[in-house]
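**Student:** Residue numbering for the sequence shown follows my numbering, beginning at 661 and increasing consecutively.
Simulated from the structure, these hints should not be mistaken for laboratory data.
Even for Gly, the Cβ is constructed at its ideal location relative to N, Cα and C.
Please note: incorrect hints may appear among the correct ones.
SDA-like mimics (lysine to any residue), calculated; alpha carbons at most 25 Å apart, straight line [unchecked claim]:
#, residue 1, residue 2
1, Lys886, Leu747
2, Lys827, Leu792
3, Lys817, Glu839
4, Lys1030, Gln919
5, Lys771, Leu747
Per label pair, the in silico range of CB-to-CB distance [unchecked claim]:
#, residue 1, residue 2, range
6, Phe728, Asp850, 23 to 29 Å
7, Lys698, Asp914, 33 to 39 Å
8, Gln713, Gln735, 20 to 26 Å
9, Glu686, Glu807, 18 to 24 Å
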Amino acid sequence: MITTPTYQHPNPHGYYGKFGGAYIPEMLYRNVEELRTKYLGIIYEPSFQKEFQELLHDYAGRPTPLYFAQRLSKQYSTNVYLKREDLCHTGAHKINNTIGQILLALRLGKKRIIAETGAGQHGVATATVCALKGVECIVYIGEKDIERQAPNVARMKMLGATVIPAKSGSKTLKDATNEAIRDWINNPVDTHYIIGSVVGPHPYPDMVARFQSVISEEIRWQLKEKTGSELPTHIMACVGGGSNAAGAFYHYLDELSVQLIAVEAAGLGLQSGHSAATTQLGKPGVLHGSKSLVMQTADGQVVEPHSISAGLDYPGIGPLQAHLFDSGRAKFLSATDDEALHAAFELAKLEGIIPALESAHALAALKQMKFNETDVVVLCLSGRGDKDLATYMKAMEGK
């Protein structure tokens, strides 16, 4: 059962502190209002929970292991546990949310699903659950990301999804999201938009966080089994929009002794003009339906982000994560493209695990922290690296 701690609970208007809300065109009001008024009643209804939990267990492969990384721990003179979301069906945490949202969409009578994707993992997870339930699926992905995430694009098509390239702007995640929202405006009655992160208008940030909270729910009992305590000293996760971090942090938000470490993509460097470190470079603004921190010019134009990782290549951040930054509850760090690549190769050679480039940013931040030998560090390994092999191969050729 997904429980509901208080710290991250948005108010009735969907605000986490200063951030959140629903800034939407009139054409979407009906859809968003339908979700807002019905989502909690539906997702906590016993038959929903029964089906959701069964699919998480039997289909997605949960619980995912909490793995003590012995050689990585020795490298950093502390105790590092990896929450192995990379072992979920489809290769990332994204499946937790898409299972929840497809069950919700069907209960709302929707016949057509749309989604946006950057790294392709959310697109694959959405195509997967649509195939499972026999529902039409359309996935928007930036033209640039189609090139760098070719294996995932092929998987989406094999699963029966229609893949539509976003050719505007930077041709990445932001632009795919824009195209998905346009589609939803044009098809408001029969279509449900499965947003892949804790972004978008209320209730999406709260809803996605609840579906992903299974990550920290498992961490608590798994850590108790391994260490005798449910509480680590640190939890680390990469942040683009912020859904794997929301899931890993969720059941620890009120445990103030646990330090929450969120790691953004610094790209070519914070001051390079080619970065995606929103908390360091952004300011309050509205993006994709909610008020949050957004990388923008002085006159409010969105600044094009950059990251070697397609899933972190986003100019904003979810309102929950913005609130955690603004309130000081979480510490936000950043890692460059090169640092993420180095961390990925380090994990591969030390532990025999090839991480997604997104997760590699969190791994890179281990170097920036000062740990005690007795600390217990849980790092959310949000995805596996198959999809990034072309980038890794290019990096190896350059050595």
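**Student:** A separate judgement is required for each hint: does it hold in the structure or not?
**Tutor:** The hints, checked one at a time:
1. Of the pairs offered as hints, the one joining lysine 886 and leucine 747 holds, with about 19 Å between alpha carbons and a cut-off of 25 Å not exceeded.
2. Between lysine 827 and leucine 792, the direct Cα distance comes to roughly 29 Å. Violation of the 25 Å bound is thereby established for this hinted pair.
3. Annotation: proposed proximity of lysine 817 to glutamate 839 holds, straight-line Cα distance about 19 Å (limit 25 Å).
4. Our distance criterion of 25 Å between C-alpha atoms is met by lysine 1030 and glutamine 919, whose separation comes to about 12 Å.
5. Restraint check for lysine 771 and leucine 747: the C-alpha separation of about 30 Å exceeds 25 Å, so the hint is violated.
6. The supplied range of 23 to 29 Å is broken by phenylalanine 728 and aspartate 850, whose beta-carbon atoms lie about 48 Å from each other.
7. The hint said 33 to 39 Å for the Cβ distance between lysine 698 and aspartate 914, and at roughly 27 Å that hint is violated.
8. The hint said 20 to 26 Å for the Cβ distance between glutamine 713 and glutamine 735, and at roughly 37 Å that hint is violated.
9. For glutamate 686 paired with glutamate 807, a C-beta distance near 36 Å fails the hint of 18 to 24 Å.
Of the hints listed earlier, those the structure fails to meet are numbers 2, 5, 6, 7, 8 and 9, in rising order.
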